[in-house]
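Colleague: Turn these sequences into a full structure, and let the hints steer you where they fit.
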Amino acid sequence: MAKLNILEFPDPRLRTIAEPVEQVDDEIRKIVDDMFETMYDAPGIGLAATQVNVHKRIVTIDISEEGNDPLVMINPEFTVLQDELEEMQEGCLSVPGFYEEVKRPNRILLKALDRDGNPYELEAEGLLAVCIQHELDHLNGKLFVDYLTALKRNRIRGKLEKKHRLESQQA
Amino acid sequence: MVESINVRALAAQVLAPLLRQHGSLSTHLPAHLAHCPERDRALLQQLCYGTMRELFRLEQLANHFLRKPFKQQDLDIHALLLIGLWQLRSSRIPAHATLNETVDACAALNKPWASKLLNAILRRYQREQKQAEEALAQDPAFQWNHPQWMISKLQPNWPEHWQSILQANDQQAPMTLRVNKRLLTREKALQKLQEADIPAAACQFSDDGIGLDSPCDVSALPGFAEGELSVQDEAAQLAAGLLAAENGQRVLDACAAPGGKLCHLLEQNTHLQDVIAVELEPERGQRIHDNLHRLGLQLGCEVLTADASSQDWWDGQLFDRILIDAPCSGTGVIRRHPDIKLLRRGEDIAALASVQLSILNNLWSMLQPGGRLVYATCSIFGQENERVIERFIKQHPDAIHQPIDAPWGEARPFGRQLFPQPDGHDGFYYAVLDKQVDDKLA
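Sequences listed follow chains A and B, in order.
The opening position of the first sequence corresponds to residue 1 in full-length UniProt numbering, with each subsequent residue numbered one higher.
The opening position of the second sequence corresponds to residue 1 in full-length UniProt numbering, with each subsequent residue numbered one higher.
Hints may contain errors.
[To be verified] Keeping only pairs whose Cα atoms sit at most 27 Å apart, straight-line, the calculated DSS-like set for lysine-lysine is: (1) Lys103(A) - Lys341(B); (2) Lys153(B) - Lys130(B); (3) Lys192(B) - Lys181(B); (4) Lys159(A) - Lys3(A); (5) Lys130(B) - Lys341(B); (6) Lys103(A) - Lys116(B).
No lab work stands behind these hints, which were simulated from the structure alone.
Modeller: Rendered as structure tokens:
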């Protein structure tokens, strides 16, 4: 397994729309393993392949406190079960250090393939529902900062650009 | 995605085990700091240290408002209540932020049932602060913010100083630096700090000391990584001078971690023959290595993981100088480690005194006749200090007590006691013992 580099906002590659996975084979499973390692190390509770510059429809999630409940979602899709919106504070490994409130439907039905390519369905609510929607947005080139006001988004962009400049000077 | 972190909940997780007498801030805080988003790290530290510093007062307030105490498994909620009270009473955090965040932390701790209770108590405190504090004003634990045993023990020990000691314990300690004389003068170091816009001034008692006007991160200090500066309290910087080691001598530093006094000694004396540092705990020994490396002093010194109250590590060669920085109650450095007030117990002091005496007894036999031993603690109890030396001298006719003639601290029948000074040194104790050369006693 290998830890992968995580792209950070406003990197334009985060805007790429990911391609469906045609066949779940060892190559895909290797990507999944690397994504878990990267996610647990970060630490994060969800990671989309887009964030590690792999533009395939793959998501890894583990919202358990002990980090022992890994979920793999290949070619995931969801439908909203309840239109009611819930506000939750979100953060993102691609927007490090920033947390903002985002409103999303709080119950969804997920359909995806697992690690072996078998289809499954999952009803999710609360944090898991939020996390799935957050990661699926990544596969469509969308970030949680897109839900914020332009003012907030630009402030975050400015701060991260400054951080990236400092990092490249130190490197 | 990254889950948002409630800093108050993290702080409650740091403090809850301490309320159970388990671990200390320095064992629990670092792991939680690593989990904490960078922007909130300073706040997490402030919440933990601030609450711990005022703990005894806050506990009295919590008792005042609570109808019944929390269960043992809900000490995290109890900690959260104390953190909430601290923010309202002593921090500059706006009250609405305190209330929202502290109440939300109950959910983050998976105890949503507690939100209503905490909300009610914190709001009641806002309304009734004055009456509540007036009702508690006569209670010594509230008034002096220390455990009762500590107050009762300090009063007869220091009839003139106990109040100022208790007050100094609750203030933030200054950040003090030691200049590495091997690399630069204090004047030059002060100049470099001034150029870096870090206000600082020479210490009053230590020739190598510099006090900073306000604490800062060591990475901001010019020359820190290069070993020009170290962080060390002024009182601890007095050890090397008292030891007065000379070229060609063999020196032992017992209970040496983290190695501040050892490094100072090596910075001052370039031609010591042998320097041996003994430390019981391997992790703390590693910190000695780290400090020696940063200062480029690793060649001058051998670090042993060993027990200063045994002789199994000793090669049988006598030492010319021995420094004992004895394990102690730490009651002189409460302002740096406010959790000492909670974690120490009255009965610890007698146990520590007997450990201190046994280390002294053991190491004395390793001292060359004509040699010198310096005994130090960061305690302010005579029981661990002058009375240990008094007992030791009675048992060892070849031990000559050398009174310390110095402008700092207070002369005692044996040794010299320093009290914690606002903007100055920590509470500390030193005694100097020389070993008689007289062959009548040999």
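Colleague: Holds or violated: are the alpha carbons of lysine 153(B) and lysine 130(B) at most 27 Å from each other?
Modeller: 30 Å, violated
Colleague: Check the hint pairing lysine 130(B) with lysine 341(B) against an upper bound of 27 Å on the C-alpha distance.
Modeller: 26 Å, holds
Colleague: Compare the distance between the alpha carbons of lysine 192(B) and lysine 181(B) with 27 Å, and conclude whether the hinted pair is satisfied.
Modeller: 15 Å, holds
Colleague: Would you check the hint for lysine 159(A) and lysine 3(A), treating anything up to 27 Å between C-alpha atoms as holding?
Modeller: 25 Å, holds
Colleague: Given the hint that lysine 103(A) pairs with lysine 116(B), test it: the Cα-Cα distance must not exceed 27 Å.
Modeller: 25 Å, holds
Colleague: Given the hint that lysine 103(A) pairs with lysine 341(B), test it: the Cα-Cα distance must not exceed 27 Å.
Modeller: 46 Å, violated
Consistency note: the structure conflicts with the earlier hints numbered 1, 2.
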